[in-house]
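The lines below spell out each chain.
There are 2 protein chains.
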Amino acid sequence: MTYKEISKEFLDKANVTIGDRILVSKDDISYEGILLDRSEDAKDAYIVIKLDSGYNVGVNIESATIKLIEKGDKPKIGYSGEKIEKDSNKDNISIISTGGTVSSIIDYKSGAVHPKFTAEDLLRANPELLDIANYDVKALYNVLSENMETEYWVKAAESVADDINDGADGIVIAHGTDTMHYTSAALSFMIKTPVPIVITGAQRSSDRPSTDAFLNIYNAVGAAKSDIAEVTVCMHNSLNDGDCALHKGTKVRKMHTSRRDTFRSINSEPIALLSDGKLKSINLPYIKRGENKLKLNTNLETKVALIKSFPGITSDIIDYHIDKGYKGLVIEGTGLGHLPDYMVETLQRANDEGIPVVMTSQCLYGTINMNVYSTGRLLQDAGAISGLDMTPETAYVKLAWALGQSDNLDEVRKIIQTNIAGELNESSSLKYFLN
Amino acid sequence: MTYKEISKEFLDKANVTIGDRILVSKDDISYEGILLDRSEDAKDAYIVIKLDSGYNVGVNIESATIKLIEKGDKPKIGYSGEKIEKDSNKDNISIISTGGTVSSIIDYKSGAVHPKFTAEDLLRANPELLDIANYDVKALYNVLSENMETEYWVKAAESVADDINDGADGIVIAHGTDTMHYTSAALSFMIKTPVPIVITGAQRSSDRPSTDAFLNIYNAVGAAKSDIAEVTVCMHNSLNDGDCALHKGTKVRKMHTSRRDTFRSINSEPIALLSDGKLKSINLPYIKRGENKLKLNTNLETKVALIKSFPGITSDIIDYHIDKGYKGLVIEGTGLGHLPDYMVETLQRANDEGIPVVMTSQCLYGTINMNVYSTGRLLQDAGAISGLDMTPETAYVKLAWALGQSDNLDEVRKIIQTNIAGELNESSSLKYFLN
Chain D
1 MTYKEISKEF
11 LDKANVTIGD
21 RILVSKDDIS
31 YEGILLDRSE
41 DAKDAYIVIK
51 LDSGYNVGVN
61 IESATIKLIE
71 KGDKPKIGYS
81 GEKIEKDSNK
91 DNISIISTGG
101 TVSSIIDYKS
111 GAVHPKFTAE
121 DLLRANPELL
131 DIANYDVKAL
141 YNVLSENMET
151 EYWVKAAESV
161 ADDINDGADG
171 IVIAHGTDTM
181 HYTSAALSFM
191 IKTPVPIVIT
201 GAQRSSDRPS
211 TDAFLNIYNA
221 VGAAKSDIAE
231 VTVCMHNSLN
241 DGDCALHKGT
251 KVRKMHTSRR
261 DTFRSINSEP
271 IALLSDGKLK
281 SINLPYIKRG
291 ENKLKLNTNL
301 ETKVALIKSF
311 PGITSDIIDY
321 HIDKGYKGLV
331 IEGTGLGHLP
341 DYMVETLQRA
351 NDEGIPVVMT
361 SQCLYGTINM
371 NVYSTGRLLQ
381 DAGAISGLDM
391 TPETAYVKLA
401 WALGQSDNLD
411 EVRKIIQTNI
421 AGELNESSSL
431 KYFLN
Chain X
1 MTYKEISKEF
11 LDKANVTIGD
21 RILVSKDDIS
31 YEGILLDRSE
41 DAKDAYIVIK
51 LDSGYNVGVN
61 IESATIKLIE
71 KGDKPKIGYS
81 GEKIEKDSNK
91 DNISIISTGG
101 TVSSIIDYKS
111 GAVHPKFTAE
121 DLLRANPELL
131 DIANYDVKAL
141 YNVLSENMET
151 EYWVKAAESV
161 ADDINDGADG
171 IVIAHGTDTM
181 HYTSAALSFM
191 IKTPVPIVIT
201 GAQRSSDRPS
211 TDAFLNIYNA
221 VGAAKSDIAE
231 VTVCMHNSLN
241 DGDCALHKGT
251 KVRKMHTSRR
261 DTFRSINSEP
271 IALLSDGKLK
281 SINLPYIKRG
291 ENKLKLNTNL
301 ETKVALIKSF
311 PGITSDIIDY
321 HIDKGYKGLV
331 IEGTGLGHLP
341 DYMVETLQRA
351 NDEGIPVVMT
361 SQCLYGTINM
371 NVYSTGRLLQ
381 DAGAISGLDM
391 TPETAYVKLA
401 WALGQSDNLD
411 EVRKIIQTNI
421 AGELNESSSL
431 KYFLN
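Chains D and X supply the protein sequences, listed in that same order.
Take the first sequence: its letters are residues 1 to 435, numbered as in my numbering.
Take the second sequence: its letters are residues 1 to 435, numbered as in my numbering.
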């Protein structure tokens with residue numbers, strides 16, 4: 001274990017080792033949970049506890065007391081870490097980890113928090129996975145997804161393309177949930193893929209002590225073996241550990257801070273449901289395995305901003321972004337795609353300077369239509385581009401990608417309003433609401 | 001009618017008068033619908049057509065052609081505009097119009113677009129309303145709600161208080177839908193009320209030619225007569241013209257750009273359902289008529305901004321707002337309430353300068369919890385205030401109001417985290433998701 005010096009002494013005194021259930025008290029707060037190993041570079045005076053809620057907390061042991069509640073079990077597994085021979089009858093699935101709760105959950109089962117996520121960690125934790133595929137696993141980076149930056153999208157896309165070139169039959173990406181839908185949209189625009197690319201993670205909602213990671217990963221591997229050669233998000237479909245939903249990467253959004261079924265298709269429905277690692281039902285047409293050749297296009301303009309409108313917003317905020325050299329703006333407007341009409345002049349300025357402004361709606365559901373009200377018509381006259389039925393998040397990613405393809409305003413407008421990766425429905429359906 | 005000169009000549013030539021069904025063609029576009037009167041100050045060369053979708057379009061008649069399809073009916077009503085005597089057996093309901101689609105719909109039925117909305121317009125359009133109450137009606141202002149500014153909230157609150165002081169048994173506010181939920185939150189914080197204050201409007205979704213205004217107003221009057229003395233939003237509960245839902249003013253949000261049941265309770269459920277102008281079911285406890293005395297508190301700090309986080313956001317945007325003299329910020333973060341951790345320093349700056357930063361989530365559903373992940377803890381250490389289970393929009397309004405009560409950071413923090421008007425649930429329930 002990586003505990004040493006102060007923290008090792010603190011643990012040894014209480015006869016506590018990794019995997020034990022402990023109670024740590026400090027000031028007015030107590031934490032009960034399982035002692036985890038921690039990363040190599042963690043500060044010495046901290047220990048990491050996995051709470052029953054499933055979340056990890058780091059506790060500074062200064063002036064803390066510790067009590068052993070119960071010695072821990074050894075990991076209950078069949079697989080003990082030996083090198084696995086590939087079985088030529090099984091699909092080769094590449095698992096790429098990027099950090100986030102899902103990795104820590106996997107580590108939880110093995111009783112260790114490693115900054116580097118290995119095939120052995122994964123398989124030790126989830127030996128059932130060995131039955132359904134061969135694996136190549138790599139840790140691409142290790143960030144909480146709220147810290148994800150646009151450059152990570154490029155790295156992930158390149159890594160996926162490498163694996164496909166190396167013969168992977170499908171890709172599973174383990175990712176934090178906060179910005180999973182931004183990444184899924186980015187990979188959707190950046191990669192034309194002959195094989196499934198499935199992003200999954202863990203939400204570990206505090207309402208249930210058990211983890212959702214295993215079901216999500218198991219079904220994500222199932223989806224990666226399937227015929228659905230698109231970029232998708234595979235997560236719980238309900239509060240129960242039943243089905244997983246496979247969402248189109250450009251039509252999905254995190255909609256609840258803690259529920260395990262937080263990811264929902266917006267203005268669409270899941271392409272498929274999975275159960276026990278197998279497709280259970282298909283709801284939408286999809287691109288089939290091998291239909292597309294691999295094509296990578298990671299050009300991206302990162303000087304793009306997403307701005308939310310509200311009563312009291314001022315034109316200054318648009319001017320600020322123009323003055324700062326932003327190349328494109330996505331507005332999260334109200335209703336059918338509105339900004340206060342006193343903002344029209346500054347939108348016109350953006351247009352005159354060749355800066356595309358894409359309008360989306362804070363309603364999230366439904367489509368932009370700037371033809372209905374006078375305000376919308378004014379905004380259109382000033383150059384605002386309808387984001388149609390894209391979420392603000394997908395429109396943001398798409399604008400960054402579109403500006404990577406062209407800096408010509410008319411061309412960017414055309415890209416925004418052309419379906420590239422399933423992000424635009426041909427006809428908007430009212431039925432996709434809160435489903 | 002207010003058409004004159006060019007437009008009158010254009011209409012006269014085709015023997016068209018207000019209320020007639022016409023086809024206007026221009027360039028490659030044709031509009032078929034009912035000719036409406038237009039406002040006094042409209043430009044001469046425009047005519048206004050009510051499309052079958054329910055929406056109004058203004059068409060510049062230059063180089064347009066017009067065809068009469070069918071002469072219009074006279075308004076089919078029993079009430080012809082005479083002064084109505086108040087019936088002492090009926091409740092006195094005050095109807096305040098602020099503009100938006102709902103007013104134009106009412107006008108549609110009377111066949112005229114008046115900039116000033118009168119009791120006569122309303123009752124001529126909806127004579128059924130006469131059966132259930134006496135009315136005082138006033139046009140407070142006439143703006144599309146995307147153009148609503150914070151000062152309008154103050155005017156509306158003052159107008160409501162006047163009417164309550166004048167003996168109104170209930171208030172109905174007709175409002176545009178784009179920012180209805182911002183106004184409902186503002187009035188919730190500004191007014192303690194002994195009588196119901198019900199905000200309603202019309203969505204006029206393009207999927208159905210018929211208007212939703214009448215059902216909404218009729219049930220809003222029903223709610224205004226009820227025992228529920230809170231600020232509420234009364235709108236369609238489904239796509240059908242069946243029930244209306246009565247939402248808590250601080251727990252509601254427009255969730256679809258065009259559906260008539262667009263308003264949904266977030267992290268809550270409607271207080272009640274109404275049908276045929278009567279309460280049909282009660283879901284939540286509520287403040288009863290007369291329980292509160294009228295108290296008006298319209299102090300508001302308008303220098304507050306709502307900022308959405310996204311991968312690639314930079315600290316500059318926070319610094320910009322601090323430098324511009326903003327007094328408070330609401331962040332629409334990711335997940336449980338996160339910003340990239342490189343933003344922590346600038347949040348600390350805001351805190352050091354006494355500027356409250358309230359964290360909300362772009363998930364919308366669920367509650368903020370900055371104790372779970374390291375990023376959240378860093379943000380809290382830098383002074384970020386949890387918006388708990390408030391929507392970003394309600395948190396924005398509440399922060400503006402809180403800063404109107406105090407400029408002391410600790411006091412503002414306390415107000416934000418104290419339930420004032422039903423905006424905070426005592427315990428967050430996972431069950432309120434997409435309902």
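Keep in mind that the hints were calculated from the coordinates and are not lab data.
A couple of the hints might just be wrong.
Any copy will do: because identical chains look the same in the list, a pair fits if it lies in one copy or spans two.
[Unchecked claim] With a straight-line Cα cutoff of 30 Å, these simulated DSSO-like cross-link-like pairs (lysine-lysine) come out:
#1 K431 / K278
#2 K414 / K26
#3 K288 / K324
#4 K324 / K303
#5 K327 / K155
#6 K138 / K327
#7 K324 / K26
#8 K327 / K8
Quick rundown of the hints versus the structure:
no. : hint        : in the structure
1   : K431 / K278 : both (27 Å within a copy, 28 Å between copies)
2   : K414 / K26  : between (59 Å within a copy, 25 Å between copies)
3   : K288 / K324 : neither (43 Å within a copy, 53 Å between copies)
4   : K324 / K303 : both (9 Å within a copy, 22 Å between copies)
5   : K327 / K155 : within (22 Å within a copy, 39 Å between copies)
6   : K138 / K327 : neither (35 Å within a copy, 46 Å between copies)
7   : K324 / K26  : neither (47 Å within a copy, 41 Å between copies)
8   : K327 / K8   : neither (52 Å within a copy, 47 Å between copies)
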